[in-house]
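Undergrad: Residue-level listing of the chains:
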Amino acid sequence: AQKITQTQPGMFVQEKEAVTLDCTYDTSDPSYGLFWYKQPSSGEMIFLIYQGSYDQQNATEGRYSLNFQKARKSANLVISASQLGDSAMYFCAMRERSGGSYIPTFGRGTSLIVHP
Amino acid sequence: DAGVTQSPTHLIKTRGQQVTLRCSPKSGHDTVSWYQQALGQGPQFIFQYYEEEERQRGNFPDRFSGHQFPNYSSELNVNALLLGDSALYLCASSSLRGQGEINQPQHFGDGTRLSIL
Chain A
1 AQKITQTQPG MFVQEKEAVT LDCTYDTSDP SYGLFWYKQP SSGEMIFLIY QGSYDQQNAT
61 EGRYSLNFQK ARKSANLVIS ASQLGDSAMY FCAMRERSGG SYIPTFGRGT SLIVHP
Chain B
1001 DAGVTQSPTH LIKTRGQQVT LRCSPKSGHD TVSWYQQALG QGPQFIFQYY EEEERQRGNF
1061 PDRFSGHQFP NYSSELNVNA LLLGDSALYL CASSSLRGQG EINQPQHFGD GTRLSIL
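Sequences listed follow chains A and B, in order.
The numbering of the first sequence is my numbering, which starts it at 1 and goes up by one.
The numbering of the second sequence is my numbering, which starts it at 1001 and goes up by one.
Treat the hints loosely; a few may be bogus.
Computed cross-link-like contacts, SDA-like style, restricted to lysine to any residue with a CA-CA straight-line distance of at most 20 Å [claimed, not checked]: (1) A:K73 with A:D55; (2) A:K3 with B:Q1044; (3) A:K3 with B:G1058; (4) A:K3 with B:Q1056; (5) A:K3 with B:F1060; (6) A:K3 with B:A1038; (7) A:K73 with A:R108; (8) A:K70 with A:T5; (9) B:K1026 with B:Q1104; (10) A:K3 with B:G1040.
The following label-pair restraints were derived from C-beta to C-beta distances [unchecked claim]: (11) A:R108 with B:G1016: 27 to 35 Å; (12) A:S42 with B:R1022: 16 to 24 Å; (13) A:N67 with B:T1014: 42 to 50 Å.
If you are wondering where the hints come from, they were derived from the structure by calculation, not from laboratory data.
All residues carry an ideal CB built from backbone N, CA and C; glycine is no exception.
Let the sequences and hints guide you as you build the complete structure.
TA: Here's what the structure looks like:
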């Protein structure tokens, strides 16, 4: 079974609008971390936001927020006021304990295109 | 403050050859992880190095090996290259020194794009 599922291969959004990128995860470990990364066409993975499994509040970082629904095992990324520079691949990742260390697992990504 | 640097940026090899990729971690980081990202896929974890030892390994064959040096830089070696090894190879660094690991974001380099002919 997939540990990280991103069901949207591609998303389109108008500049200045908000967009939600979906991510569901699968783990039986009560302690885990969830991350979102942005990957422009240049290839570099850029860290956006983190949510811990014990965090009571949804994480926010500037225009990025994480809609964390623990019971549904969902960690959707919300980008407010989209900008043309937000066009990129977006990856959801989870860290859970494996053999004494926390190894991250990535989803297959969602391609976001922001239209002017 | 230099981020994660990888070299070379692009590489073309033929089947059966061997390749070495290099990574310098972000200043202050002591842990280096390597990932393989095939076209249209998310990164797949290869292995992680800490204190010059392989700390954890993903589901990759022994053809993939690595090394970490005392200055925390790292190399990824791949022997007997196959066409399926064509991918973007990403290096990521983080710090385990005195910190919890689970919430440490990894900082990635720009990657090395390896093409096998």
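Undergrad: Take the hints in turn and mark each one as holding or not.
TA: Checked hints:
no.	hint	verdict
1	A:K73 with A:D55	14 Å, holds
2	A:K3 with B:Q1044	12 Å, holds
3	A:K3 with B:G1058	14 Å, holds
4	A:K3 with B:Q1056	18 Å, holds
5	A:K3 with B:F1060	18 Å, holds
6	A:K3 with B:A1038	18 Å, holds
7	A:K73 with A:R108	17 Å, holds
8	A:K70 with A:T5	15 Å, holds
9	B:K1026 with B:Q1104	13 Å, holds
10	A:K3 with B:G1040	17 Å, holds
11	A:R108 with B:G1016: 27 to 35 Å	30 Å, holds
12	A:S42 with B:R1022: 16 to 24 Å	19 Å, holds
13	A:N67 with B:T1014: 42 to 50 Å	47 Å, holds
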